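Produce the complete structure using the sequences and hints provided.
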Amino acid sequence: MRAWIEIGKETGAEEQMAEDLIIGMAGSGGDGIVSAGEALVSAAASEGFHAMMTKSFGSQIRGGESSCRVRLSIRRLHNPGGVLDVAVALNWEDFLRFGAELPVGGDTVVIYEEATGVAPHEIPLPGVLPREVFAVPIDALAKEAMGTDKAKTSVVLGLLAGWFDIAPAGILRGMAKRWGKKGPEVLSGNEKAFALGQRYAAEHPLAVARKLSRPPDERVGKQLLLDGNDMCAAAAIFAGCEVFGGYPITPSTEVMQFLTREIWKYGGAVLQAEDEIASIGVAVGASYAGKKAMTATSGPGMSLKTEILGLASLAELPLVLLNVQRGGPSTGSPTKPEQSDLFQAAFSAHGDVLRPILAPTTVADTFRVTVEAFNLAEHYQTPVIILSDQEIAQRKETVEPIEFSRFDVLSRREPAGAELEHYRRFLLTESGISPISHPGMVGGNYLAAGIEHNEHGDPTVSGKMHALMNEKRFRKLAPLERRHDLFEIVGPADAPLGLVSWGSNAGVCREAMELARARGLQVKLLVPTLIYPVAREVYEGFFASVEAGLVVEQSHQGQLYRILRMYVDVPRGVTSLARSGANPFQPAEVAAKLAELALGLQVRHGRQAQE
Amino acid sequence: MRAWIEIGKETGAEEQMAEDLIIGMAGSGGDGIVSAGEALVSAAASEGFHAMMTKSFGSQIRGGESSCRVRLSIRRLHNPGGVLDVAVALNWEDFLRFGAELPVGGDTVVIYEEATGVAPHEIPLPGVLPREVFAVPIDALAKEAMGTDKAKTSVVLGLLAGWFDIAPAGILRGMAKRWGKKGPEVLSGNEKAFALGQRYAAEHPLAVARKLSRPPDERVGKQLLLDGNDMCAAAAIFAGCEVFGGYPITPSTEVMQFLTREIWKYGGAVLQAEDEIASIGVAVGASYAGKKAMTATSGPGMSLKTEILGLASLAELPLVLLNVQRGGPSTGSPTKPEQSDLFQAAFSAHGDVLRPILAPTTVADTFRVTVEAFNLAEHYQTPVIILSDQEIAQRKETVEPIEFSRFDVLSRREPAGAELEHYRRFLLTESGISPISHPGMVGGNYLAAGIEHNEHGDPTVSGKMHALMNEKRFRKLAPLERRHDLFEIVGPADAPLGLVSWGSNAGVCREAMELARARGLQVKLLVPTLIYPVAREVYEGFFASVEAGLVVEQSHQGQLYRILRMYVDVPRGVTSLARSGANPFQPAEVAAKLAELALGLQVRHGRQAQE
Amino acid sequence: MTTVALGPKDFKSELKPIWCPGCGDFGVLQALYRALSGIGRAPHEIAFVSGIGCSSRIPGYTTAYGFNTVHGRALPIAQGIKLARPELLVLVAGGDGDGFSIGGGHVAHAVRRNFDLTYLVMDNQIYGLTKGQLSPTSPHGLETATSPYGSLEDPVNPLAYVLSYGAGFVAQGTPADMPGLAKIVEEAIRYPGFAFVNIQSPCVTYGQEVQQMKVHKATMKTLASVGHDQTDRIAAMRLAQDYGKALYTGVFYRNPEPPPTFEALVRERQTAQGERPAREKILDRYLQRAT
Amino acid sequence: MTTVALGPKDFKSELKPIWCPGCGDFGVLQALYRALSGIGRAPHEIAFVSGIGCSSRIPGYTTAYGFNTVHGRALPIAQGIKLARPELLVLVAGGDGDGFSIGGGHVAHAVRRNFDLTYLVMDNQIYGLTKGQLSPTSPHGLETATSPYGSLEDPVNPLAYVLSYGAGFVAQGTPADMPGLAKIVEEAIRYPGFAFVNIQSPCVTYGQEVQQMKVHKATMKTLASVGHDQTDRIAAMRLAQDYGKALYTGVFYRNPEPPPTFEALVRERQTAQGERPAREKILDRYLQRAT
Ligand SMILES: Cc1ncc(C[n+]2csc(CCOP(=O)(O)OP(=O)(O)O)c2C)c(N)n1
Ligand SMILES: Cc1ncc(C[n+]2csc(CCOP(=O)(O)OP(=O)(O)O)c2C)c(N)n1
Ligand code: SF4
Ligand code: SF4
Ligand SMILES: [Mg+2]
Ligand SMILES: [Mg+2]
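Chains as they are written, first to last, in our numbering: chain A, 1 to 611; chain D, 612 to 1222; chain U, 1223 to 1513; chain Y, 1514 to 1804.
Honestly, the hints are just simulated from the structure, not real lab data.
Here the structure is a predicted model, which is why all the values come from computation and not from measurement.
Note that beta-carbon positions come from the ideal geometry of N, C-alpha and C, so glycine has one too.
Mixed in with the good hints there might be a few duds.
[As the list claims (entries may be wrong)] Okay, derived cross-link-like pairs now, PhoX-like style, lysine-lysine, Cα gap no bigger than 20 Å in a straight line:
id: 1; chain 1: Y; residue 1: LYS1794; chain 2: A; residue 2: LYS265
id: 2; chain 1: D; residue 1: LYS793; chain 2: D; residue 2: LYS754
id: 3; chain 1: A; residue 1: LYS222; chain 2: Y; residue 2: LYS1794
id: 4; chain 1: D; residue 1: LYS876; chain 2: U; residue 2: LYS1503
id: 5; chain 1: D; residue 1: LYS803; chain 2: D; residue 2: LYS793
id: 6; chain 1: U; residue 1: LYS1467; chain 2: U; residue 2: LYS1439
id: 7; chain 1: D; residue 1: LYS666; chain 2: A; residue 2: LYS464
[What the hints assert, rightly or not] Restraint-style ranges between C-beta atoms, simulated for each label pair:
id: 8; chain 1: Y; residue 1: LYS1529; chain 2: D; residue 2: PRO737; range: 55 to 61 Å
id: 9; chain 1: A; residue 1: PHE407; chain 2: D; residue 2: ARG1147; range: 43 to 49 Å
id: 10; chain 1: Y; residue 1: GLU1788; chain 2: A; residue 2: ASP408; range: 53 to 59 Å
id: 11; chain 1: A; residue 1: GLY267; chain 2: U; residue 2: ILE1456; range: 36 to 42 Å
In structure tokens, the structure reads:
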């Protein structure tokens, strides 16, 4: 939640303290705008700010447009925010290409390259004329500092540090680290550029100065800063993953890249396979051999993995599959986030299949969710899908140090003693879980297969046995629906307004809810970690008080909303708020919808709104 | 619907006339039990009976158990029926392997091989002792006729013709055709075996003789007899299919086998590809090139085709994809029917995708559905999935001659004239349908792609354009939901009891409804041809009067029921009646459930049942 | 089939390539424009199919009908096009990963079916589009984003593979010699059957030092200059073994007696079936006559 | 790794094969039992992976750990097993369709990674399980259920392909000489690296006349009898060209200096990384220190 605290009245100075600042920057590939964002966010993180950064690119590999959005706050952040507080445009063409991803409002401080030749009152922003607009000779200042335009990034950092007091010490430390390696000239040139930027800011003060409030000292130097893909890979190692089968695909490749650097140290291995079918094959083979295994991909790869995913379900093999969702269908929009692979995750394999789907909501959350995914996979002997998305996967976020001792790491239940005497791999137990052996284990020998089998694993054409085995495979997952800990409910239990959201959009809804409650609306929010199977009980409990509400997600069809309807009697007043990817929801927008719903309720009830 | 008409009382003779007869036979692979069934059914078909035959095998290629079920009637048939009227067991081991597929009741006439050494009162049927049981020396009679046991099939045919008066002339004609080629000895040996069978029957009359009523003369020689796969392939040719890309898989392979015999004559071609991915690739390529194209497969192949299926949706290419469902998941039960690939058909591709799904209910219906599939594909420029199943695909059925003139054959809308001047392949029209060109057409040049595109087909990363294109791709299919002609509703419009069923199970429900109505229940039945998208309006209209009911299908999860809930407020009293494949529903069973529901309604309403 | 006089520019579309400045694929594109202008088929008679990758963007930069399909599946889709409309000129292009990793299973079958297709692989020994991972042609030991300590496997040899699949035309080129490449591509297009050109197309952003244009210029050697006989398959096989070591350009093998193409056999079969029956006859054989 | 004295019967499971009487796969199974009894690894130390097809049923008929996976994917799954537990003996089996049609894309990569796997293909030149359709090794012109007027394409040559992929061990056998086949299979298992055996295993139900046991017995010729040198890759290539014409049995090629296996390189890499850190250290590098 954002707030400008007007302190000018008290101090007499025309100055606001900002608790939260959103900066959006765009330029062309060579401009280093993304490095500027990275420098900013890591400086801020080291000084104890909560920070978050998302990047967005055009389709070029090099050159082309690129942008980033940095959000800094003294409070915990849930999403990269809506309208920018500060916009930096190295050129307008590139900036405008990002449209709704970099929204500018009347309060936005706009900083742009003077050399574009655009006059401050003519900046090409459709429908808005911000009050504070600065045409800065960024290029010229860089040349002044270094002789070339290479130091533009440092000028921008200087401007931001100067105007908003953002972590100048941290930025300088970062510059020393980054440029120090390239020799003293490069470093001093950049330092000079930074100083020129600061000076420019000092000489051109904002009409209403805005300084970023500082976080408490005890936070300094204690935070992690990383993205969702790295977090997922790290969590996989923590959870005991020993084999990863992968094939590169944007935006999931970094998971493989992390693991192929690290996993060997832990006795594991990565195999980059020839395609996604082979990569899930490698993981399934490793799991059959008794090791924890994982594969990761995005939409097109998911589609290819479908067949072997079904095999893993039928052969009851543990497996973790990460899908970092991007814009679909088909090749779609590979660099943009979307939440439109949920239907596929739940229903892609042929036949009657049930496999758990989990979704993280933030980078920090990705750790918990990944460990949980391995635990579920191993405990229930099933593939588990983690549905992340491009935003969580590739955005950098500050994370509190993880208390590893809080996490249990489970392993599969192996047969022992008498169980191995006449071992039946698919024993029809009450829980539906049968002890699982692996090659190398004396007495555990059995035939695994994609063909329907009897308790021993031998192929059968019996319809009766098929029904029993289907029933077993569903029965074993039934306890999942009572895992209340995999759902977070925020807000008053008896609220008549309800929000449901998942994945990266949950963070938007958290803030939307806070906005709405600040305006006096009685709202609560349900964020599922377990997306599928649908935990009826949890939703029915949540919906019990709800008369109107929204299921908010980034897909054309509103896929979670539809899936909920399959199993839950969703109240009529609860509708789907959904749209295609890369058209992000803003907290204020969701809050406004809630206000509308509240009004509707008042009309319906024919009485005054509650405070 | 079955009925033994007691005519004994009038004529004084202990004899019943059967309007409908269900014969189940089982033996081991070499016994020719399936040929016997085929001979029977084609003889009956040529004499004007409505006839239906299903086969079922074990997993062996040769040898192993095999069985068939033949149903003959003077009335139109909707399903292969439940409890057998006549059971023929060449040995008990094999017969029993088919369990619920060959159910025997107290009224079943049981005929079995005497050489099994089992006494008639000791036949190993669990929980039932049929009143009429005959141990016949089938093997011995065959040897008497031919010197070898090769003529067992003919003995069985003789027995059936003798006892039940089934089309003896037709059977003899068939034998002449089949054995005539092998020389006069073989033919006369089989004829003799047939005669011995007839004689045996004459010498061992049934306690209550049962003769099959004869169909009206005008039906003689006028029927087609074929299975669903052949029907589908024939319909594809009629609809103008010119390219078929395939890869063998049970139980869909016969479609490719038919086409590879026939399609060349019509200027088309079949390519057996290296796998299912390539086979759908071939079809998509052909469609892009402007020809009507098709691919066919079963579950595992569907899973592999997922990615390119998504490409066809995004690139808006017409395509017909047949999935002959078998038991899943994974390799599952390849020779058994199931209706468990519906979720996959609707939701397998990543991203937001909508493609129509059609399902035939009988062999005859397969013609209409296949032509419709091509029409929808071409008109809406979309892949269309036909969900058949092993039962429809491989059962033989009598079909009335098709009135071809009743079928429209549509083609895609190509651009012409001014449209080609600044051709925009993905023009955002009101209907959502844009004229489609193909290579070779002057001025129609464009880039097709799996990447999201603008109206010209050029790649775009714009979230706004992505939303517009998603919207277009869904909008164009919206009219489908108003295609009332793709739904059949039988029964009184105001019935409080409702049945919904699809695919091969619809036939069971038709008969169930008739049974229930004969018992005075007020029931109606909805059979959708269009399974997805869900036509809300149609279902809401149907459900308006319904207080209780069933959605009947052959899958563990009750997939249609769940999909209906996604889009329709299904009345609470309507529940799912669903179970795994190869455990077929019986009409009587469904009727009994309806009776229960009716009772429940009465209790609920606190008043007497309606007549 | 129309034959028209066209220049390279007639094949250039308005779409601006998004390749990195200096990418080898620019040169390939130029060579292709030039080759096509020598062929004389109008853009609308050409279907140009690709998979996914930097290189697979190429159809969009031509005025032909383009189909930028999915990763690794260009060949099956191209075969479908050719089967449907044998009169078209069908070109296929993609990267080393597209063609020999995910798409590797389709190559042998495209070759043995022998459709008249021209398959251009822009082999940069890296995954360009996904930013620098191991490709199937990356040499053993190469350090990439997915092999930070060096790759553990031997590379694929596209030339040797396609030769052993029995292809009738196998060649190699590099944009470092653009006119030479244009000639090779033109010859490949003219070959009546499946033709494969491996193009060593440098990735300036993620590629190895030794795979850059400058090095190519210094090291490339035409097959003619080593006295190679294009009709000698065994010799071609032997020279192909040097893939990754020497950079030979030119035609490794050209079948002097091209066998009939798949589409020709299809046409023959269609003709052999005689006159086209009415579609309404299709069910006749299923009629259960009573006589 | 335990070494125990085991007889062929120790590898025979209770499951009764459902192959057609007379199917060549029975002989393959016998040969395998015999080969395994010569190896001395206990059944529980063996993982036996297959795809789908008549031939792919084979793991179920042994007492080893079996994995009858999906059509065409046995090799990747086997590689996963070997990567996870290099100490296991991993066998892979399947049909010609499974291995060279749908699974064809995986073969080259399995070969070039060089896991220590033994891959047995029961090549009957037909799709048995689906009842007699064209297979990739079916000869040109063959009439099958899907080629009623004869096939239009040239067959795959498994021997030549695998040799050109660079495999260290390539052999061929037939159950018509069961003891000979057993020996070849045993040698393949003993080869430390990827080993491929093409087994001409007749399909009595849908196979061609010329591919039956009787004909094999009459025409097979050992490679030794034609004076072939197993270490001569070029000669092996030449002889492999006769696939489909002559029935050679024995070892076409055995690399006299087997290179390190993939699993050995993996082990090396793991060791090179030094002592295993605590898993809790995994996020340390992301700490934003203030100094
Ligand atoms: C099914 C699928 N898997 C993975 C990807 C991601 N991907 C896109 S291009 C590519 C490889 C690019 O390498 P190459 O084919 O050599 O082409 P280049 O970019 O080097 O020209 C990959 C892995 C994808 N788009 N689809
Ligand atoms: C994905 C998939 N496609 C197709 C099939 C059907 N299918 C099963 S086995 C087989 C081919 C069998 O031929 P081959 O591999 O040569 O084995 P054989 O039966 O001849 O031993 C096919 C096409 C399948 N099970 N899965
Ligand atoms: S990444 Fe490499 S292959 Fe891709 S455009 Fe850039 S230079 Fe070319
Ligand atoms: S069909 Fe052929 S391969 Fe299959 S079991 Fe029978 S003989 Fe063997
Ligand atoms: Mg490449
Ligand atoms: Mg075979």
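Quick rundown of the hints versus the structure:
no. : hint                              : verdict
1   : LYS1794/Y to LYS265/A             : 11 Å, holds
2   : LYS793/D to LYS754/D              : 18 Å, holds
3   : LYS222/A to LYS1794/Y             : 15 Å, holds
4   : LYS876/D to LYS1503/U             : 11 Å, holds
5   : LYS803/D to LYS793/D              : 15 Å, holds
6   : LYS1467/U to LYS1439/U            : 15 Å, holds
7   : LYS666/D to LYS464/A              : 18 Å, holds
8   : LYS1529/Y to PRO737/D: 55 to 61 Å : 24 Å, violated
9   : PHE407/A to ARG1147/D: 43 to 49 Å : 45 Å, holds
10  : GLU1788/Y to ASP408/A: 53 to 59 Å : 26 Å, violated
11  : GLY267/A to ILE1456/U: 36 to 42 Å : 47 Å, violated
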